[in-house]
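Line order of the protein sequences matches chains A and L. Take 454 as the starting number for the first sequence in the numbering used here and just add one per residue. Take 454 as the starting number for the second sequence in the numbering used here and just add one per residue.
Simulated from the structure, these hints should not be mistaken for laboratory data. The model shown is predicted, which means the values in this text are computed figures rather than measured ones. It is possible that some hints are incorrect.
The list treats identical chains as interchangeable, and a pair is accepted whether it falls inside one copy or across any two copies.
[Said to hold, decoys possible] Below, computed lysine to any residue pairings styled on SDA-like, alpha-carbon distance capped at 25 Å:
no., residue 1, residue 2
1, K480, I608
2, K759, E538
3, K759, D527
4, K471, L557
5, K526, P508
6, K759, G556
7, K553, I753
8, K526, D512
9, K526, I760
10, K759, A525
11, K526, V513
Protein chains: 2
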Amino acid sequence: MSQPIPTGPGQHQVTGRKYTFAPRMAKTPKSFIREILKVTEDPRIISFAGGLPSPALIDVDNIAAAAASVLAKDGQVALQYSTTEGYRPLRQFIADRYKKRLGLEVSPDEILITNGSQQCLDLIGKVFIGTGDHVAMERPGYLGAIQAFSLFEPIFHPVILHEDGPDPVQLAHTIRNYPVRFFYGIPNSQNPSGITYSAERRMEIAGILEKSETLFIEDDAYGELNFNGKSLPSLRQYIPDQTIITGSFSKILAPGMRMGWVVAPLPIMEQLVVAKQASDLHSNYLSQRIAFEYLQTQNIDTHIEKIRASYCHQRDVMLSCMAEFFPDTVLFTRPQGGMFIWVTLPESVSSMAVFDAAIKENVAVLPGSPFYIDGGGNNTLRINFSNSTEEKIRTGIERLASVIKKQCNQ
Amino acid sequence: MSQPIPTGPGQHQVTGRKYTFAPRMAKTPKSFIREILKVTEDPRIISFAGGLPSPALIDVDNIAAAAASVLAKDGQVALQYSTTEGYRPLRQFIADRYKKRLGLEVSPDEILITNGSQQCLDLIGKVFIGTGDHVAMERPGYLGAIQAFSLFEPIFHPVILHEDGPDPVQLAHTIRNYPVRFFYGIPNSQNPSGITYSAERRMEIAGILEKSETLFIEDDAYGELNFNGKSLPSLRQYIPDQTIITGSFSKILAPGMRMGWVVAPLPIMEQLVVAKQASDLHSNYLSQRIAFEYLQTQNIDTHIEKIRASYCHQRDVMLSCMAEFFPDTVLFTRPQGGMFIWVTLPESVSSMAVFDAAIKENVAVLPGSPFYIDGGGNNTLRINFSNSTEEKIRTGIERLASVIKKQCNQ
Numbered sequence: 454m455s456q457p458i459p460t461g462p463g464q465h466q467v468t469g470r471k472y473t474f475a476p477r478m479a480k481t482p483k484s485f486i487r488e489i490l491k492v493t494e495d496p497r498i499i500s501f502a503g504g505l506p507s508p509a510l511i512d513v514d515n516i517a518a519a520a521a522s523v524l525a526k527d528g529q530v531a532l533q534y535s536t537t538e539g540y541r542p543l544r545q546f547i548a549d550r551y552k553k554r555l556g557l558e559v560s561p562d563e564i565l566i567t568n569g570s571q572q573c574l575d576l577i578g579k580v581f582i583g584t585g586d587h588v589a590m591e592r593p594g595y596l597g598a599i600q601a602f603s604l605f606e607p608i609f610h611p612v613i614l615h616e617d618g619p620d621p622v623q624l625a626h627t628i629r630n631y632p633v634r635f636f637y638g639i640p641n642s643q644n645p646s647g648i649t650y651s652a653e654r655r656m657e658i659a660g661i662l663e664k665s666e667t668l669f670i671e672d673d674a675y676g677e678l679n680f681n682g683k684s685l686p687s688l689r690q691y692i693p694d695q696t697i698i699t700g701s702f703s704k705i706l707a708p709g710m711r712m713g714w715v716v717a718p719l720p721i722m723e724q725l726v727v728a729k730q731a732s733d734l735h736s737n738y739l740s741q742r743i744a745f746e747y748l749q750t751q752n753i754d755t756h757i758e759k760i761r762a763s764y765c766h767q768r769d770v771m772l773s774c775m776a777e778f779f780p781d782t783v784l785f786t787r788p789q790g791g792m793f794i795w796v797t798l799p800e801s802v803s804s805m806a807v808f809d810a811a812i813k814e815n816v817a818v819l820p821g822s823p824f825y826i827d828g829g830g831n832n833t834l835r836i837n838f839s840n841s842t843e844e845k846i847r848t849g850i851e852r853l854a855s856v857i858k859k860q861c862n863q
Numbered sequence: 454m455s456q457p458i459p460t461g462p463g464q465h466q467v468t469g470r471k472y473t474f475a476p477r478m479a480k481t482p483k484s485f486i487r488e489i490l491k492v493t494e495d496p497r498i499i500s501f502a503g504g505l506p507s508p509a510l511i512d513v514d515n516i517a518a519a520a521a522s523v524l525a526k527d528g529q530v531a532l533q534y535s536t537t538e539g540y541r542p543l544r545q546f547i548a549d550r551y552k553k554r555l556g557l558e559v560s561p562d563e564i565l566i567t568n569g570s571q572q573c574l575d576l577i578g579k580v581f582i583g584t585g586d587h588v589a590m591e592r593p594g595y596l597g598a599i600q601a602f603s604l605f606e607p608i609f610h611p612v613i614l615h616e617d618g619p620d621p622v623q624l625a626h627t628i629r630n631y632p633v634r635f636f637y638g639i640p641n642s643q644n645p646s647g648i649t650y651s652a653e654r655r656m657e658i659a660g661i662l663e664k665s666e667t668l669f670i671e672d673d674a675y676g677e678l679n680f681n682g683k684s685l686p687s688l689r690q691y692i693p694d695q696t697i698i699t700g701s702f703s704k705i706l707a708p709g710m711r712m713g714w715v716v717a718p719l720p721i722m723e724q725l726v727v728a729k730q731a732s733d734l735h736s737n738y739l740s741q742r743i744a745f746e747y748l749q750t751q752n753i754d755t756h757i758e759k760i761r762a763s764y765c766h767q768r769d770v771m772l773s774c775m776a777e778f779f780p781d782t783v784l785f786t787r788p789q790g791g792m793f794i795w796v797t798l799p800e801s802v803s804s805m806a807v808f809d810a811a812i813k814e815n816v817a818v819l820p821g822s823p824f825y826i827d828g829g830g831n832n833t834l835r836i837n838f839s840n841s842t843e844e845k846i847r848t849g850i851e852r853l854a855s856v857i858k859k860q861c862n863q
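Next comes chain A alone, as it looks inside the complex (with noise of 0.2 Å):
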């Protein structure tokens, strides 16, 4: 088979056959990320461009216990089709967690089972989006989300994220501007920056959006990945019928599984199942069985503290080598959990010419201006620490300060 000639705007050539797509998929960015990732498929190559959990912080052999204990107890409901809301007590257990962690007050009615929380941003655009509404975001804001939600043509509105939170001003601007359907945004460790909302900034953001018809989605993948172990308010607490969280169980579990969720409101709710169904029927319903076996006979919290401890560790590590390797006029931000920190070159160096020096020594980053819906970011990287050991996040950044050095002094 030949490789497709780009014959225009939306059509393909391929012996002599053209198809038509819809518009939408030209509003579609193919992710750069993807690409970057085949590349740094060589081993020998030191990646902080993924976004991977550690390999070894994946409880493999309870896991492998849970699933020979639902296989045998209960296998041949476990591989038949199910509810498309999903297995109502692991939706029970999430409930219960938000209570326990958040104070929230969640029904496991008001929790939809999906495939990781990728999935829910797909939803959440079907049911809200519809060609040319408006979406608030934060500047940068996240790939996945600005890849899901393009699907459905909306007009992206970037707000300013600080080291505090996004920009309030300019949230409530747009918000007096616009129809805005929804603001989303990461409160925890946010993907790209690592930024985490202060508390302030959260009840400043809660109370822009009360006066006005927009919803939050609250995408809290990295919520449970805090390192002071101290959890902020959900945007729920403050305006529950207006907050969508998601959730996932990718960093906490096993991303393998595509197990998400997706809390909202319940005349919301109705919507998403009906999407939901149309999707794809239901979520995997032997992993749903598989990962609520694992909750019940392991204690997720003890996991998550081992989590932590180690990313906190890597995040050090990565901190005190960028501080000791990293000429002065570059800048990076101190997340408090999550995967990634998110740095900032002088604005005369270029990060795609980061990223290719990078490459030649072996070390793979991210270029910042994907996360960019407006353009900009030309001089920022992110940088993933939780998938490298001690050593090899030593010796990459090392390298990758010397790459720096060189591209600041041409």
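Put chain L on the given structure of chain A with help from the hints.
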């Protein structure tokens, strides 16, 4: 939480909060099937309403062995993030099986692993359907496809399904008059009708489409469940660059793992991969690995033979009971495979009335009208035979027959 009070098109109210949903949601039918399945959860009810495989034909022990083996030998990888396209050896297996079963040349690069074949329909909708684009479907047509495509707001054109396949004159007429993006059909043991396109009709349909830009979406969920063991050709044999095939492990392995796939020419596959990545990154990788391990260690042909023999017998029992108990004015299909028989009542008899009366006799059937995109079918029923024992089939059909007789005499 109180139940939502509808306040107008696309709006719901709860505790004073109004929500505005995207216009597509108002166009997407809620699943009547889903509502019915809730009614039929009562174990006293004999249900012919669903579309579930026989639980006795899910090979739980060997799937459990495959799961244990994958987790023991490669757990850290099987539980980690993976590629959007899916596990390559599994895609190679699927490609090889097309060669063996249908003589089709398919490259693994043309295969994407999905969450059951339902997700293929969502991805195809994303890639091809812009608002108001034209889509043709069989009449009656698969409800899951109606739901999936509706989210992208097409204009549907029904093409009447005869005993040997879709009406060629109507299809040609539709394609001549509208720029139809694709014609969606299920050539083997269609859901809901049980109809299989004849060999001649397949060639004829391909000939009609070949002269147009219209693609054929060949949903082949039941292709392996043909009771005589003889496969009729895929339209990919005739119009390879115009055919997209969707496949599923749900009917031959286990539906709970939500494993399906889509086969498409490379320029289309490129777009499907972008859509898949935006939708949920990739399908459950653990289940992909389990499925592949199972297929490597077990003989799937032997297993499929068992399924065919059992479903064929269940069909025969049901057909003979229908012949014995149904009034002569009731017509029914004689499917060559799959899981469904399609029943046409006299025009004066309402299948909703039959549904209501049958439930009181602890028998559940599925009224056929939701399968008609343009209304109609009010005297039709879809009857599933794969999920009931011989004894339940006899009891259920006898009870259903007496309900139908009463309705005929009213």
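Against the structure, the hints:
no.: 1; hint: K480 with I608; in the structure: both (11 Å within a copy, 22 Å between copies)
no.: 2; hint: K759 with E538; in the structure: neither (31 Å within a copy, 32 Å between copies)
no.: 3; hint: K759 with D527; in the structure: between (31 Å within a copy, 22 Å between copies)
no.: 4; hint: K471 with L557; in the structure: between (53 Å within a copy, 22 Å between copies)
no.: 5; hint: K526 with P508; in the structure: between (29 Å within a copy, 14 Å between copies)
no.: 6; hint: K759 with G556; in the structure: within (23 Å within a copy, 52 Å between copies)
no.: 7; hint: K553 with I753; in the structure: within (13 Å within a copy, 46 Å between copies)
no.: 8; hint: K526 with D512; in the structure: both (21 Å within a copy, 14 Å between copies)
no.: 9; hint: K526 with I760; in the structure: between (30 Å within a copy, 23 Å between copies)
no.: 10; hint: K759 with A525; in the structure: between (29 Å within a copy, 22 Å between copies)
no.: 11; hint: K526 with V513; in the structure: both (20 Å within a copy, 10 Å between copies)
Consistency with the previously given hints fails for number 2 only.
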